[in-house]
Amino acid sequence: AQSVTQLDSHVSVSEGTPVLLRCNYSSSYSPSLFWYVQHPNKGLQLLLKYTSAATLVKGINGFEAEFKKSETSFHLTKPSAHMSDAAEYFCVVSERTNAGKSTFGDGTTLTVKP
Amino acid sequence: DVKVTQSSRYLVKRTGEKVFLECVQDMDHENMFWYRQDPGLGLRLIYFSYDVKMKEKGDIPEGYSVSREKKERFSLILESASTNQTSMYLCASSLSRDSSYEQYFGPGTRLTVT
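Protein chains in written order, with our numbering: chain A, 9 to 122; chain B, 84 to 197.
What the hints contain is simulated information worked out from the structure, not anything from laboratory work.
Hints are supplied without guarantee of correctness; some may be wrong.
Unchecked claim - A short, non-exhaustive set of chain A residues, derived as facing chain B with CB atoms under 7 angstroms:
| no. | residue |
| --- | --- |
| 1 | S36 |
| 2 | S40 |
| 3 | G51 |
| 4 | L52 |
| 5 | F71 |
| 6 | G108 |
| 7 | F112 |
| 8 | G113 |
| 9 | G115 |
Claimed, not checked - Every beta carbon over 12 angstroms from chain A, so not counted as near; a handful from chain B, in silico:
| no. | residue |
| --- | --- |
| 10 | V95 |
| 11 | T98 |
| 12 | D111 |
| 13 | Q186 |
We put the CB at the ideal spot given by N, CA and C, even for glycine.
All chains, please: the whole structure from these sequences, using the hints.
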């Protein structure tokens, strides 16, 4: 069984300040982990993925995430928020068997204030 | 680039109607998935398929069925639509040879049942 908990349903930051979106996971397997972003009325876009190579994963648009097995966490960070980062973010855990069946977190809405 | 297309962006149906949602991918992916997305609940897996004519239930299969007669096409069927099936429906596909099982998403179909 696998599960994902996104610890904050809403996060608000000022433009230019750091972003931290928190994600904890549970998995019986060695999982793949993903962060997706969804802008209003748009489709899902992959930000980054972890697949058991480097524990610090760099993604698009300056985002990165660190896989911490001991803490079962995969938090998403960005050093400096931009107005265009305002969106909903989803943390996802996938089994690497069973067709890669995935479980999504409930999402975190990021607001960026000018 | 992988392309996942869904037959409609918006659909309005009446209670009790039989509804078909179609999804097509053009990259010879073995695995295909149907999710529904509701505010505050993230994406929830309805059904998935890892091969032609093969299907497995996801987390919320009740009220839905699926069909996969060809590798590139995966259909979601609402046998008798109900108002609680009003939602955004997302299709995705993935390649088994990709050890991460990264999923590629379609643009979604917003279904309203009245």
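Outcome of the hint check:
no.	hint	result
1	S36	16 angstroms, violated
2	S40	5 angstroms, holds
3	G51	5 angstroms, holds
4	L52	4 angstroms, holds
5	F71	16 angstroms, violated
6	G108	2 angstroms, holds
7	F112	4 angstroms, holds
8	G113	6 angstroms, holds
9	G115	5 angstroms, holds
10	V95	17 angstroms, holds
11	T98	26 angstroms, holds
12	D111	15 angstroms, holds
13	Q186	6 angstroms, violated
In summary, the numbered hints that this structure violates are 1, 5, 13.
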